[in-house]
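The lines below spell out each chain.
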Amino acid sequence: MNPLDSKKDYQDFVNKKSPNSPIIKNCFNAFWVGGLICSIGQIIMSICKSRGISQEISGTIVSIILIALSAFLTGLNIFNKIGKFAGAGSLVPITGFANSIVSPAMEYKSEGYIMGVGGKMFTVAGPVLVFGISTSIIVGIIYLIFNTQSITLV
Amino acid sequence: MKKIGKQTIKFDCPPSISEVASIVGPKESKGPLAKYFDECLDDEFWGEKSWEKSESKIIKETVNMAISKSGFSSNSIEYCFAGDLLNQCISSSFGLRGLNIPFLGIFGACSTFVEGLSLSAIMTESCAEHTLCAASSHFCSAEKQFRFPLELGNQRPPTSQWTVTGAGAAVISKSGNGPYITHITTGKIVDMGIKDANNMGAAMAPAALDTLICHLKDTGRNPNYYDAIITGDLGYVGKDILTELAQKERIQYKICL
Chain A
1 MNPLDSKKDY QDFVNKKSPN SPIIKNCFNA FWVGGLICSI GQIIMSICKS RGISQEISGT
61 IVSIILIALS AFLTGLNIFN KIGKFAGAGS LVPITGFANS IVSPAMEYKS EGYIMGVGGK
121 MFTVAGPVLV FGISTSIIVG IIYLIFNTQS ITLV
Chain B
1001 MKKIGKQTIK FDCPPSISEV ASIVGPKESK GPLAKYFDEC LDDEFWGEKS WEKSESKIIK
1061 ETVNMAISKS GFSSNSIEYC FAGDLLNQCI SSSFGLRGLN IPFLGIFGAC STFVEGLSLS
1121 AIMTESCAEH TLCAASSHFC SAEKQFRFPL ELGNQRPPTS QWTVTGAGAA VISKSGNGPY
1181 ITHITTGKIV DMGIKDANNM GAAMAPAALD TLICHLKDTG RNPNYYDAII TGDLGYVGKD
1241 ILTELAQKER IQYKICL
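Here the protein sequences come in this chain order: A and B. Reminder that position 8 of the first sequence reads as 8 in the working numbering, one-by-one numbering, no gaps. Numbers in the working numbering are just positions in the second sequence, counted from 1, shifted up by 1000.
In case anyone wonders, no lab produced these hints; they're calculated from the structure. No experiment lies behind these values; they were computed from the predicted model shown. Every residue gets a Cβ at the ideal spot worked out from N, C-alpha and C, and that includes glycine. Careful: at least some of the hints might be erroneous.
Below, computed lysine to any residue pairings styled on SDA-like, alpha-carbon distance capped at 20 Å [said to hold, decoys possible]:
| hint | chain 1 | residue 1 | chain 2 | residue 2 |
| --- | --- | --- | --- | --- |
| 1 | A | K81 | B | Q1161 |
| 2 | A | K84 | B | G1193 |
| 3 | A | K120 | B | Q1145 |
| 4 | B | K1002 | B | S1118 |
| 5 | B | K1010 | B | D1218 |
| 6 | A | K17 | B | D1233 |
| 7 | A | K7 | B | K1010 |
For each label pair, taking beta carbons as the anchor points, the in silico distance ranges come out as [said to hold, decoys possible]:
| hint | chain 1 | residue 1 | chain 2 | residue 2 | range |
| --- | --- | --- | --- | --- | --- |
| 8 | B | N1177 | A | D5 | 24 to 32 Å |
| 9 | B | C1127 | A | L76 | 54 to 62 Å |
| 10 | A | A68 | B | N1075 | 55 to 63 Å |
| 11 | B | K1027 | A | I64 | 36 to 44 Å |
| 12 | B | K1195 | A | L76 | 31 to 39 Å |
| 13 | A | F72 | B | K1195 | 35 to 43 Å |
| 14 | A | L129 | B | K1195 | 24 to 32 Å |
| 15 | A | I142 | B | N1087 | 39 to 47 Å |
| 16 | B | G1105 | A | I142 | 53 to 61 Å |
According to the in silico footprint, chain B covers these stretches of chain A (three or more CB under 8 Å from chain B) [what the hints assert, rightly or not]:
| hint | region |
| --- | --- |
| 17 | 87-95 |
| 18 | 129-138 |
Bound conformation, chain B alone (with noise of 0.2 Å):
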C-alpha cells in the first residue's frame, strides 16, 4: 500500500469484496434495482415497535446474511466498520451488538458504505485476513430526526431526495476472486454553499466532481479507462450538474450513475 499523487492510495495487493448483502424497504422494492438485493420487505416496521429498532434489525440482518454467505465464520473476521445517520450511530452499534467482532463506528452520511469500505481495504491489506463493513439507513427515522413527521400535511418540492430504507454489507478478504479494491481516492468536503436541504444532489456534486478529477490526476488515468463511473445517488438534478460540470472540465465518460 503507498500513497500516489495528492490523495490516492494504491494497493500492492488489493483486497477482494468477496461477498455482498442487502435487505431493502418497500420503496427500494419497487424500483428498478429490486432484483439485485436480497431480501425486499414489505413493511417499515419489520415487527418491531420503533423505525430506530427496525433499522437496527435491518443491519444486523444484512451483516448475519452477508457473512453466511461468504462461508467465512464470524470469528475469521477480524474488524467490522459500520455506520448509519442517526444521533450516535444507534442503528449500527446497537444492531450489531451481538456480533462479538471489533467494532469500529463511522459517520459520513451518504459517504458512509465508501467511508466503510476503504477502512476496510486498509486494515485489510495491512493486518488483517477477513473485515467486515456495513452501512444502513431508513427513511423514517432519518425524517423524524432531520426533517418533520411523516404524518405532517406538507409538500416536497420537486428536487428533494428520499432516504433509502435498507442495508449494506460486505466481507472484505486478503486474497478472492474479486471484485477487488485497487485505488481509493479520498474526497475532500467542498461546500459551494448550497443552503437548500431539499437539494442534496446539487449540494453533492462539487465534491463528486472534485474527487473524480483528483482521482484522474493522481492515478494518471483517462475517464475512458472505465467502463462505468458510479457516484452516489445525487437524483436527477445532482446528476445533471455533474455531468455538465464535467463536460466543462472536459471529461468524457460512458456512464455516470
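Only chain A is shown next, with the shape it has when bound in the complex (with noise of 0.2 Å):
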C-alpha cells in the first residue's frame, strides 16, 4: 500500500510516524503544579479569613494575587517556563488567563500604545471573554424567563 494514494492513508502513516506527547508525565507535571497554585490561594484565603475578611472578599483577594503574580513572573519571562513545564496545571488556573492578556501586550508594545498594546491585547483572551460573556447573556436570559413564571431553578 502506497500512503500517498489518498489523504486519509497519508494522515494514517503520519500519525503512526509522529511521536506522540507523554501524556502521563504531562498529566502529572500539570496535576502537581496546578494543585500547589491552588493550594497557594487557599493559603492567601485563609490568611484572609482568619484576620475576619468575609468569604466573597477573601475570593477576590485571592484572584488579585494570583493575577498580579502571574502577569509579573510573565513580565521576568518565567511564567512561559512554567507553563511550558506545566501545560494545563498553570494554565487552566486564574494565573493562565493573566498570562494570555500580558503576553501579547509584552510582544505588540513594539508597535505602540494605542494600536499595538491596546489593540493586541485581547488577540489569545478574546475568544474566552467573547464566548463567556455570550454564555452568561443566554443563561441570563433562561433564568429571566422561568423566574417571570415563578419557576424557581436555584
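Can you join these two chains into the complex? Each is in its own frame, and there are hints to help.
As C-alpha cells, then:
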C-alpha cells in the first residue's frame, strides 16, 4: 500500500510516524503544579479569613494576588517556562488567563501603545471573553424567562 | 538554457555561486552547523527595538557581507532577489532599501532561498553578469505573526519545528569557479491534507519526494549519481517520512538531510 494514494492514508501514515506528547508525564506535572497554585490560593484565602475578612472579599483578594503574581512572572520571562513544564496546570487557573493577556501586551508593545498594546492585548484571551460573556447572557435570559413564570431554578 | 522533461531547466553555461554569507541567531549558534556560519549573534534583538527591525538588520548585514566577500563592487551586481516570512516581505524590503540594486521581492515560505537561487541563476544566464539572492527569517517575528506571543505559557508538541533566526545570501555569477547550478527542477505544490500547523515536516515531505522523483525522471539520472541529496529541514518526523516514502518508490540515496 502506498501512503500517498489518498489523503486519509497519508494522515494515518503520518500519525503512525509522529511521536505523541508524553501524556502521563504532562498530566502528572499539570496535576502537581495546578494543585500547588490552588493551594497557594487556599493559603491566601485562609489568612484573609483569619483576619476577619468575609468569604467573598477573600476570594477577590486571592484572584488579585494570583493575577498580579502571574503577570509579574510573565514579565520576568519565567511564566512561559512554568507553562512549558506544567501545561494546563498553570493555564487553567486564573494565572493562565492573566498570562494570556499580559503576553500579547508585551509582544505588541513594539507596535505602539494604542494600536499595539491596546489593539492586540486580547488576541489570545478574546475568544474566552466573547464566548464566556455570550454564554452568561444566554443563561441570564433563560433564567429570566423561567423566573418570571415563578419557576425557581436554584 | 533549455527545458528538459516536464519541470526541469538545464543550463548551457551553468552560473556559478561565487560567494555566500550567513548570519544566525543564538539557538543556531549552539547547533552542529555553528562553525560554518559567518557570524553568530548572541542576542535576538541585535541592538534593535523590535524583532522585525532586527531581522531587517540581519538580512542587510548578510547581503553586505556576501558582496564584500565576493570582491565585486555593489554596482556590478545587477539584480537582487530576496524574501522572508513576514507580511509584504518587510524584513527584506526594509533591510535592503539602501542597497541600490534593482530588487525583486519573492515569497516561497520555506522555499524562498531556493526560489531566489533559481531565479538568480536564470537571470544570470540570460542577461546579467552578477546577481544576488537572499532570504531571512526570525524565530520571534515568525512566532508573533503566525503563532502565539513568546511569553505565553503553552506547550509545544514533539513534532513542532523551530523557525531559524538568521539570513543567508549568495552572489551568482556568469562565470566563476563554482559550485555551479547546472539544473533546476521546480516543484509543484503537493497538499496531502495535513492540517496540523505543528507538523510541518509531514506537510512538506510529499512535495519534496515529488520534486525528487520528477528531477530524476527529467534528467534521466539515478539517485546514485549524487553524493548527497539535500532537502530543506523537514525535521525528524518529516525526514523519517520522506525516507520511507522514497524507499517505497525504490529510490535509494546515500545521504539525505
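Here is what the structure says about each hint:
1. A:K81 / B:Q1161: 18 Å, holds
2. A:K84 / B:G1193: Since the Cα atoms of K84 (chain A) and G1193 (chain B) sit roughly 28 Å apart, the hinted pair is violated (cutoff 20 Å).
3. A:K120 / B:Q1145: 12 Å, holds
4. B:K1002 / B:S1118: 14 Å, holds
5. B:K1010 / B:D1218: Between K1010 (chain B) and D1218 (chain B) the Cα gap is close to 10 Å, so the pair holds against 20 Å.
6. A:K17 / B:D1233: 17 Å, holds
7. A:K7 / B:K1010: 33 Å, violated
8. B:N1177 / A:D5: 24 to 32 Å: Violated - the Cβ-Cβ distance for N1177 (chain B) and D5 (chain A), about 46 Å, lies outside 24 to 32 Å.
9. B:C1127 / A:L76: 54 to 62 Å: 56 Å, holds
10. A:A68 / B:N1075: 55 to 63 Å: This hint holds: roughly 59 Å between Cβ atoms.
11. B:K1027 / A:I64: 36 to 44 Å: This hint holds: roughly 37 Å between Cβ atoms.
12. B:K1195 / A:L76: 31 to 39 Å: Since K1195 (chain B) and L76 (chain A) have Cβ atoms about 35 Å apart, the given range 31 to 39 Å holds.
13. A:F72 / B:K1195: 35 to 43 Å: For F72 (chain A) and K1195 (chain B) the Cβ distance comes to about 37 Å; the hint holds.
14. A:L129 / B:K1195: 24 to 32 Å: 26 Å, holds
15. A:I142 / B:N1087: 39 to 47 Å: 43 Å, holds
16. B:G1105 / A:I142: 53 to 61 Å: With Cβ atoms ~55 Å apart, the hint holds.
17. 87-95: The restraint on the region 87-95 of chain A holds, since 3 of its residues have a Cβ under 8 Å from chain B and three suffice.
18. 129-138: violated (count 0)
Comparing the model with each numbered hint stated earlier shows that hints 2, 7, 8 and 18 do not hold.
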